[in-house]
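Chains as they are written, first to last, in my numbering: chain E, 1 to 171; chain Y, 1 to 297.
No lab work stands behind these hints: they were computed from the structure. Values in this document were obtained by computation on a predicted structure and should not be read as measured data. Heads up, some of the hints might be wrong.
[What the hints assert, rightly or not] Straight line, CA to CA, 20 Å or less: simulated PhoX-like cross-link-like pairs of lysine-lysine:
id: 1; chain 1: Y; residue 1: K94; chain 2: Y; residue 2: K170
id: 2; chain 1: E; residue 1: K42; chain 2: Y; residue 2: K94
id: 3; chain 1: E; residue 1: K42; chain 2: E; residue 2: K29
id: 4; chain 1: E; residue 1: K122; chain 2: E; residue 2: K141
id: 5; chain 1: E; residue 1: K66; chain 2: E; residue 2: K84
id: 6; chain 1: Y; residue 1: K168; chain 2: Y; residue 2: K287
id: 7; chain 1: Y; residue 1: K119; chain 2: E; residue 2: K30
id: 8; chain 1: Y; residue 1: K94; chain 2: Y; residue 2: K178
id: 9; chain 1: E; residue 1: K29; chain 2: Y; residue 2: K178
id: 10; chain 1: Y; residue 1: K119; chain 2: Y; residue 2: K9
id: 11; chain 1: E; residue 1: K56; chain 2: E; residue 2: K66
id: 12; chain 1: Y; residue 1: K119; chain 2: E; residue 2: K34
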Amino acid sequence: MQSSEVISVNIWQIIISILNLLILFIILKKFLYKPVENMLAKRQGIIDNDLENAKKASEEAENRRKLYEEKLTGADEEAAEIVKEAKQKAQRKSDKILSNAKEKADDIVSQAKTDAGLEFKKAQSEIKHEITEVSTLLSEKILEREINKEDHRKLIDSFIENLGDEYDGHE
Amino acid sequence: MNENRYSAKFKAVDALLLILAAVPILFGIALYILLTPASSGIEIAGARIYFTINMPLQPLPITEAQVNSWLVIVSVLFLCLYLTHGMSPTRPTKRQHIVEWAIEQTQHLVMDNMGEFFKDFAPFVAAVMVLSALSSLLTLVGLYPPTSDLNVVGGWAILVFILITYYKFKCGPLHYLKSYTEPVAFLTPLNVISEFATPVSMAFRHYGNILSGSVISVLVAAALQSLSAMIFGRLPGALGDIPFLQIGIPAVLSVYFDIFSGLLQAFIFAMLTMLYISSGFPEEDYKEKLKRKALAK
């Protein structure tokens, strides 16, 4: 088999060589650089997405934390409010009960006082009556005669009046 | 990408792609063994011609250089498919880490050497590096390295020259012509010469390095053969025919010429590509032109 010269120039071989280099360039670009670059872009996309998601998640967590904190402080305040209101209500109720009771007691006392006064008066008049009767009877017996009832009554009345005064004074 | 990475189907596809990446190289070796005549001694020759196509201007011989380039390209294609197979944005495999690292490295290299404007050049620079490096490394399996053919490397250099000129033309033909008269007008002839010297020097540097490596390897092998015939030739029988000195020493040379020099030249070619294209491009003027255009609108 023949061999070419060590140094020979052939225009077609040069063109073939240029085309070979261009073909290899296209092969490398299409089958090596493109897929790898696509893959790297995809990886970058995934990383960006993950970072974005993480950021969003942490923001949401922060928001929720704030919300719960607000709610917690609100709940404390609400509880304090409720307790305060309840206390006030209880205070009002107890005040009312106390005042009612006092009123009632006062009523009872005043009632008792008027009752006692009435009883006393009643008793006084009864006693007066009794005494009048008894003294009339006694006087009749002693004097043996009927005295003028009208005069007698006046006499006794004045007597008892004095007696009552004396009694009242003793009180 | 969602398929299960441990399924039998996935593993089968993986293995198939790896095999398909290796097949072109094995095919090249088989072709070499089948079509190369039994050792015709030490010779320094160009690529073997498989067949010749009649074309206008010049007949086109399809040589080892072309065929081996295509084998490298096919192999790289399946290697790319293997490397990107089963990539996942969330669960990267070891393979994926390596790919990502390599791609980031080329992108950083391009960004550092060419600037922001040329950041899409990463695949091109990678293609230059991969094609050059793998072509040179073909010598490791005994195949003819396409980079030691002037036409192959010359083609790349011409492509780079076209790119350089394209980016110099970005500010219009007047600006392009004016760039030759800088810094002073009487340097114009020198500027023109240096412009055309760029692809020539790039092509010859790369091609010369790889070819010289092959030539030196052949020469050293021949020298070692004669030397061992001289020293051990007096040994009795078949023992005298064994070139003892050829054991080991060529391997050391191969580490330098095939691996180190091949990779270094690939890197140098890629670096020069980046530097020439970006330094020829009048970035400031181009930006101003864009600004003026935007204002005119």
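Flag every earlier hint the structure violates by its number, smallest first. 1, 4, 5, 8, 9 and 10
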